[in-house]
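Each residue of the sequence shown is one higher than the last, beginning at 1 in my numbering.
Rather than coming from a laboratory, the hints here were simulated on the basis of the structure.
No false leads were mixed into what you were given.
Pairwise CB distance ranges (calculated):
hint, residue 1, residue 2, range
1, Gly94, Asp202, 33 to 43 Å
2, Ile333, Pro122, 18 to 28 Å
3, Ala184, Gly262, 21 to 31 Å
4, Ala145, Leu254, 33 to 43 Å
5, Glu137, Pro271, 29 to 39 Å
6, Ile338, Gly94, 14 to 24 Å
Don't be surprised by glycine CBs; every beta carbon is placed ideally from N, CA and C.
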Amino acid sequence: MRIESLPPDDVANPPAGDATLRPPQRLPTDQRQPPAPLIDRYGRQVSYIRLSITDRCDFRCNYCMAEEMEFLPRAQVLTLEECLRVASTFVELGVNKVRITGGEPLVRHNVVWLLQRIARLPGLRELVMTSNGSQLERFAPELRAAGVRRINISLDTLQPERFRQITRVGDLAKVLRGLDAAQAAGFDRLKINTVMIRNVNDDELIDLVDFAVARGIDISFIEQMPLGDVGHARDDRFFGSDEALARLQTRHVLVPSAESSGGPARYWRIPGSPTRVGFISPHSHNFCDTCNRVRITARGELYPCLGSNGAVPLLPILRAHPLEEEPLRAAIIDGMGIKAKGHDFGNQMAAPQVLRFMSMTGG
1 MRIESLPPDD VANPPAGDAT LRPPQRLPTD QRQPPAPLID RYGRQVSYIR
51 LSITDRCDFR CNYCMAEEME FLPRAQVLTL EECLRVASTF VELGVNKVRI
101 TGGEPLVRHN VVWLLQRIAR LPGLRELVMT SNGSQLERFA PELRAAGVRR
151 INISLDTLQP ERFRQITRVG DLAKVLRGLD AAQAAGFDRL KINTVMIRNV
201 NDDELIDLVD FAVARGIDIS FIEQMPLGDV GHARDDRFFG SDEALARLQT
251 RHVLVPSAES SGGPARYWRI PGSPTRVGFI SPHSHNFCDT CNRVRITARG
301 ELYPCLGSNG AVPLLPILRA HPLEEEPLRA AIIDGMGIKA KGHDFGNQMA
351 APQVLRFMSM TGG
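Start from the sequences and build out the full structure, keeping to the hints where you can.
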């Protein structure tokens, strides 16, 4: 298995003279069009974007990637300046929540520079991030200072050898130290994301909730999604939210909650604990009717629906119009017209219809 070296950058601010990292030229406020909510053809308002800043990762999770991955050439990836332009334009159009994803976003050089600037965008309510935790021991204080409010950390097992098998290369101890650092940094909330895989980690669901309760953090269990050809069928590994809930209720009292973090998770409370237990159920409890989000890949493709192949290429527009906002705005608004009414992952577990990997779309 070939693993590329992905050292994270240790410079919070880019060196002088780095033209690729200058803030984009924005029109004066009085020359901009007033914000207009992004509404799709089914009446759903998009208020949340998930922006992938790299397709690369220092793990190779076997439900997310093939063992041998070919990553995008640098020229085909959004520059940090382009990422900022995309985020800024979406916020001007009414988006109030931005999640930075990857791959693993913290392997991207100068990521803190980008986060600092996105956090300052007028109208943004919340800047959050999803990470595998591998770099948090080093970056957690800088992320908090940059303006990141919450972090989701992928953690599928508490067993070191099993962690290595799932990630192919990961070190559980390093991730747990990253979680410690994130808690010490004082984020508003931390959450563990666990992908449920039958006969792989389904025997640990109770242990993972106990772990979250002991730390006073949240946890969400995610049904595996059929994205990309990972070299094996997923239908015999599917573990659903209803079965997970029943198993957890043998240990904990779980009270349904109307709380929302702005994403697809549906939460349950454990009396006497600050911990929320969430379930993200794209198969068993499709949440498409309330979908409020779109994804932008590291290649600058706007995917209005995770379960659809329809996309709008933003990168050519960004590069053809480096100083103009209107072409990008128009493309984003037009992209709402291809947002699907819903997806059907249930019929795709054996043979995915969406062939791009989750790491390419953005986690």
